[in-house]
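Enquirer: Build out the structure end to end from the sequences listed, making use of the hints.
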Amino acid sequence: MTTLTAQNIHKTYTLRNGLRFSKLQAVKDVSFELTAGRTVALVGQSGSGKSTIAKLLMQLEHPTSGQLLLDGRPIGRRGAALTAYRDDVQMVFQDPFASLNPFHSIGHHLRRPLLLHGKATAKTVDARAAELLERVNLSPAASFLERRPHELSGGQRQRVAIARALAPGPKVLVADEPVSMLDVSVRLGVLNLLARLQREEQLAMLYITHDLATARHFSDEILVMYKGEVVERGAADDVILNPQAEFTRTLLKAAPEPGTNQRFLAEARRRGVPMPDHLAHREDQ
Amino acid sequence: MTTKPNTAAMAVSAQRRRLPRFLTPTLMVGGGIVVLITLFGLIAPFFVADPNAVDNMGMQPPSAQHWLGTTQTGQDVLAQLAWATRGSLTVGIIVAVMALFLSAFFGILGGYLGGWLDEAFSLFTNVVLILPGLPLMIVIGSYVEQRGLILIAVVLAITSWAAAARVLRSQTLSIRGRDYVQASKIAGERPWRIIAVEILPNLLPVMSSSFVFALVSAILGEAGLSFIGLGVVGTHTWGSMLFYAQNGQALTLGGWWWFVPPGAMIAALGGGLSLINFSIDGIINPRLRTAPAAARTARHAQKEAAAA
Amino acid sequence: MSTPTPDPASAAAADPAQHHPSAADLAASAANRELVDIEHLRGDDSPLSQEPVLTVSDLSIEYQVDPPVRAVRSASFQLRRGEVLGLAGESGCGKTTLAYGLNQLHRPPARIVEGSVTFHGQDGHDVDVLGLHGADLRAFHWSRIAMVFQGAMNSLNPVISVRAQLDDVFTTHRPEMSKAERLSRSRELLDLVGVDPDRIGAFAHELSGGMRQRVMIAMALALDPELMIMDEPTTALDVVVQREILQEILRLRHELGFAVIFITHDLPMLLEISDRIAVMRAGQIVELETAEELYFAPKHPYTRKLLGSFPSLTGDAGDFIRAGYSDEETR
Numbered sequence: 001m002t003t004l005t006a007q008n009i010h011k012t013y014t015l016r017n018g019l020r021f022s023k024l025q026a027v028k029d030v031s032f033e034l035t036a037g038r039t040v041a042l043v044g045q046s047g048s049g050k051s052t053i054a055k056l057l058m059q060l061e062h063p064t065s066g067q068l069l070l071d072g073r074p075i076g077r078r079g080a081a082l083t084a085y086r087d088d089v090q091m092v093f094q095d096p097f098a099s100l101n102p103f104h105s106i107g108h109h110l111r112r113p114l115l116l117h118g119k120a121t122a123k124t125v126d127a128r129a130a131e132l133l134e135r136v137n138l139s140p141a142a143s144f145l146e147r148r149p150h151e152l153s154g155g156q157r158q159r160v161a162i163a164r165a166l167a168p169g170p171k172v173l174v175a176d177e178p179v180s181m182l183d184v185s186v187r188l189g190v191l192n193l194l195a196r197l198q199r200e201e202q203l204a205m206l207y208i209t210h211d212l213a214t215a216r217h218f219s220d221e222i223l224v225m226y227k228g229e230v231v232e233r234g235a236a237d238d239v240i241l242n243p244q245a246e247f248t249r250t251l252l253k254a255a256p257e258p259g260t261n262q263r264f265l266a267e268a269r270r271r272g273v274p275m276p277d278h279l280a281h282r283e284d285q
Numbered sequence: 001m002t003t004k005p006n007t008a009a010m011a012v013s014a015q016r017r018r019l020p021r022f023l024t025p026t027l028m029v030g031g032g033i034v035v036l037i038t039l040f041g042l043i044a045p046f047f048v049a050d051p052n053a054v055d056n057m058g059m060q061p062p063s064a065q066h067w068l069g070t071t072q073t074g075q076d077v078l079a080q081l082a083w084a085t086r087g088s089l090t091v092g093i094i095v096a097v098m099a100l101f102l103s104a105f106f107g108i109l110g111g112y113l114g115g116w117l118d119e120a121f122s123l124f125t126n127v128v129l130i131l132p133g134l135p136l137m138i139v140i141g142s143y144v145e146q147r148g149l150i151l152i153a154v155v156l157a158i159t160s161w162a163a164a165a166r167v168l169r170s171q172t173l174s175i176r177g178r179d180y181v182q183a184s185k186i187a188g189e190r191p192w193r194i195i196a197v198e199i200l201p202n203l204l205p206v207m208s209s210s211f212v213f214a215l216v217s218a219i220l221g222e223a224g225l226s227f228i229g230l231g232v233v234g235t236h237t238w239g240s241m242l243f244y245a246q247n248g249q250a251l252t253l254g255g256w257w258w259f260v261p262p263g264a265m266i267a268a269l270g271g272g273l274s275l276i277n278f279s280i281d282g283i284i285n286p287r288l289r290t291a292p293a294a295a296r297t298a299r300h301a302q303k304e305a306a307a308a
Numbered sequence: 001m002s003t004p005t006p007d008p009a010s011a012a013a014a015d016p017a018q019h020h021p022s023a024a025d026l027a028a029s030a031a032n033r034e035l036v037d038i039e040h041l042r043g044d045d046s047p048l049s050q051e052p053v054l055t056v057s058d059l060s061i062e063y064q065v066d067p068p069v070r071a072v073r074s075a076s077f078q079l080r081r082g083e084v085l086g087l088a089g090e091s092g093c094g095k096t097t098l099a100y101g102l103n104q105l106h107r108p109p110a111r112i113v114e115g116s117v118t119f120h121g122q123d124g125h126d127v128d129v130l131g132l133h134g135a136d137l138r139a140f141h142w143s144r145i146a147m148v149f150q151g152a153m154n155s156l157n158p159v160i161s162v163r164a165q166l167d168d169v170f171t172t173h174r175p176e177m178s179k180a181e182r183l184s185r186s187r188e189l190l191d192l193v194g195v196d197p198d199r200i201g202a203f204a205h206e207l208s209g210g211m212r213q214r215v216m217i218a219m220a221l222a223l224d225p226e227l228m229i230m231d232e233p234t235t236a237l238d239v240v241v242q243r244e245i246l247q248e249i250l251r252l253r254h255e256l257g258f259a260v261i262f263i264t265h266d267l268p269m270l271l272e273i274s275d276r277i278a279v280m281r282a283g284q285i286v287e288l289e290t291a292e293e294l295y296f297a298p299k300h301p302y303t304r305k306l307l308g309s310f311p312s313l314t315g316d317a318g319d320f321i322r323a324g325y326s327d328e329e330t331r
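Chains as they are written, first to last, in the numbering used here: chain U, 1 to 285; chain D, 1 to 308; chain G, 1 to 331.
Hints may contain errors.
Label-pair restraints from in silico Cβ distances [as the list claims (entries may be wrong)]: (1) U/Gly72 with G/Asn154: 54 to 62 Å; (2) U/Phe97 with G/Gln78: 47 to 55 Å; (3) U/Gln25 with G/His173: 24 to 32 Å; (4) D/Gly115 with U/Phe103: 20 to 28 Å; (5) U/Leu19 with G/Arg107: 43 to 51 Å.
Short, incomplete list of chain U residues facing chain D, as computed with Cβ under 10 Å [said to hold, decoys possible]: (6) Leu82; (7) Val89; (8) Gln94; (9) Phe97; (10) Ser99; (11) Leu100; (12) His104; (13) His108; (14) His117; (15) Ala120; (16) Thr121; (17) Ala161; (18) Ala165; (19) Ala167; (20) Ala235.
The set of hints was computed from the structure by calculation and includes no laboratory data. As the structure is a computational prediction, the values presented were derived from the model and not from experiment. Backbone N, C-alpha and C fix where the C-beta goes; we use that ideal spot for every residue, glycine too.
Expert: Following this line, the structure appears as structure tokens:
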């Protein structure tokens with residue numbers, strides 16, 4: 001069982017404005033645990049510090065205080081220990097138009113991590129890359145390998161980005177708003193893909209989002225962040241259906257939700273039908 | 001490349017579509033001029049007479065024997081022009097290559113690595129940037145007796161890389177923050193490989209543009225130095241031809257064939273390289289490239305609308 | 001909303017364990033106070049009338065590139081006075097092109113190839129919008145149909161104060177107004193959209209994103225338009241601010257009685273605010289129905305697909321996504 005633990009992490013940025021310095025506390029005393037096969041959702045508005053946490057987990061930044069433990073041991077910061085950490089912890093970025101280098105082919109994006117992490121040799125790398133593409137439902141895989149990112153749709157690009165994150169064979173996956181830049185009709189497809197991969201690989205997943213509905217359905221535990229702090233945490237259904245913190249309630253109130261709208265409830269009574277579950281339609285399409 | 005026929009066909013058709021877009025008339029004309037001048041500088045010196053051979057016939061207008069006439073000391077202008085073209089181009093290319101390396105080193109490395117190194121590199125770049133180029137060249141030029149081609153090239157290079165370094169630094173800073181660079185860090189790429197494979201290709205248009213700019217300004221700078229008598233000693237360049245023409249009072253004696261050819265060459269090469277630069281700008285910033293076409297389409301649409 | 005929401009006072013008392021700073025509480029509860037149910041604003045006394053304000057018939061817009069692209073195909077609909085019409089669709093479906101075309105704000109190479117747009121003014125005169133040119137068109141733009149664009153809050157001029165920008169609208173379109181009148185009207189407008197009128201001297205960078213968007217709405221309202229076209233006016237904003245702006249729009253519609261065409265990809269949001277919704281796909285309006293009908297009995301498969309793309313927050317679809325079925329999505 002792989003666990004990635006964040007213990008009381010703080011992150012303070014020093015901002016320089018000419019000769020004046022000011023401090024910005026992006027993350028304040030956040031702790032959580034990611035365990036195999038479970039998803040933790042990190043919910044909050046822009047600027048709440050949730051993306052900073054992704055950067056800290058990926059070691060693109062280092063916490064000002066507090067520590068990160070992988071399987072109970074402090075994580076390696078450089079050299080072979082860092083490479084080993086990157087074997088285990090990978091990330092999917094928000095914007096699939098920015099996370100793939102426009103200059104390189106899809107194949108390049110998959111071959112590099114495979115080679116770097118010793119998952120393939122020069123001989124087998126193409127076959128392994130094709131396998132990865134098949135796993136994210138991009139087929140025929142061979143036709144994608146030589147294509148450039150701009151020839152793909154947003155949903156396809158995000159699948160490539162997921163394939164790249166899977167290449168090193170990670171145990172922990174951080175997904176930073178993986179569907180918010182995608183067209184609405186392909187969002188659930190990508191989320192379903194992530195859910196399936198998680199189940200198959202028993203990944204520990206951190207799902208960062210501002211969307212409460214997918215957070216609820218997609219994760220086991222929800223952490224609500226506000227201005228760098230976790231203001232509420234708990235089992236997904238508890239947080240959404242029985243929120244305790246003031247801020248969570250505000251967020252919930254602001255989310256569009258026709259299903260609880262008096263106008264639609266009245267209409268349902270008038271029509272004598274239950275409220276529809278539109279997701280059920282998906283199956284017969 | 002894959003052997004899948006459909007992919008290959010796609011690549012070919014993509015190329016066919018892409019090719020004409022880059023080969024704009026601007027690029028073709030500019031490239032044509034530069035290629036002609038380069039070929040002249042490469043090949044002509046093998047076929048012309050000794051450019052230094054003195055003849056007591058004095059300054060003569062163009063004739064069958066001397067196509068571009070002779071100088072005051074009876075030297076063949078065409079022969080001098082051929083060697084001068086080679087000399088000027090050599091200076092230009094040496095300077096442009098050196099400036100490219102210097103600007104890439106200070107700009108990209110500083111921009112990517114950041115921190116105190118970036119601060120130090122930026123400070124150094126800014127100091128070099130405000131060094132007044134021409135006076136510095138004059139000072140060094142008049143201080144050193146044996147002004148070889150390399151020395152002049154080094155002086156020109158030192159004073160001309162800083163602006164490009166600043167552009168490259170700001171570009172690197174913006175690319176460094178992009179997700180695909182972060183993603184390759186997460187994939188475990190080494191810094192040098194991130195710079196070389198992920199960042200550098202995206203800087204190529206900017207670098208080629210500043211290379212061309214450095215080439216033009218080096219040739220012009222060398223011509224300027226030579227013209228005031230502080231240029232390369234012992235090698236013919238366009239500037240040195242103009243310097244001797246000025247000394248030999250070509251202008252007052254009406255010897256246009258002596259100073260017009262090197263002047264025209266400088267103007268033509270500068271123009272040609274500038275045209276190339278414009279089209280590179282168009283590639284970097286597609287809006288510049290498509291602006292004329294967009295205006296045409298707009299006019300066309302308006303006309304049709306009016307007709308309808 | 002019917003999420004269990006104990007009243008704020010007792011909730012605050014109930015969880016003393018939450019020791020986050022009071023500033024957070026204050027900000028949250030301040031926002032909370034403003035959030036009311038949107039349907040409350042869409043009560044029975046909605047200003048919706050049967051009288052039409054805009055009639056669009058067979059409007060087709062083409063991008064005259066090689067080969068030409070039909071961005072809008074034979075769009076027809078009638079908008080009633082005071083109605084909120086939602087225009088839903090994904091990127092590239094032509095919804096923005098349609099909105100711009102309605103108002104002749106489209107730029108070449110886009111061209112209207114056929115169809116007509118008729119504006120039925122309050123004064124009883126019909127205006128053939130597509131026949132307007134030059135000064136007539138400019139006058140029409142602001143005073144009859146106003147537009148609020150996506151990311152409009154970033155199109156405020158950064159070096160001119162809000163006051164000067166509002167003033168500009170009046171000096172251009174209402175030259176007969178005196179300086180004092182312009183100022184009092186500007187303050188009134190800011191008050192209307194929920195911005196403290198004393199902030200009239202502020203510059204764009206001194207205002208938050210939500211405030212800037214409110215100022216843009218105030219500018220659009222300046223000349224009492226009869227129709228507002230809003231293209232993703234809240235997409236770039238955080239969800240709480242988004243909600244406040246939506247409320248504001250609905251409240252203003254209630255008070256002033258203008259019609260709204262609201263463009264977004266966010267179908268649940270449209271369901272809550274719209275009277276009718278048009279679903280667009282590949283340039284065509286595939287379904288145009290009342291919000292209720294669309295929600296309970298969507299006819300077009302694409303509408304069903306869009307509705308199915310938004311999991312319900314409180315609904316019992318909990319295990320659905322994670323149950324995992326084969327992904328048919330490979331687009």
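Enquirer: Are any of the numbered hints broken by this structure? If so, which, sorted upward?
Expert: 1, 2, 3, 15, 16 and 20
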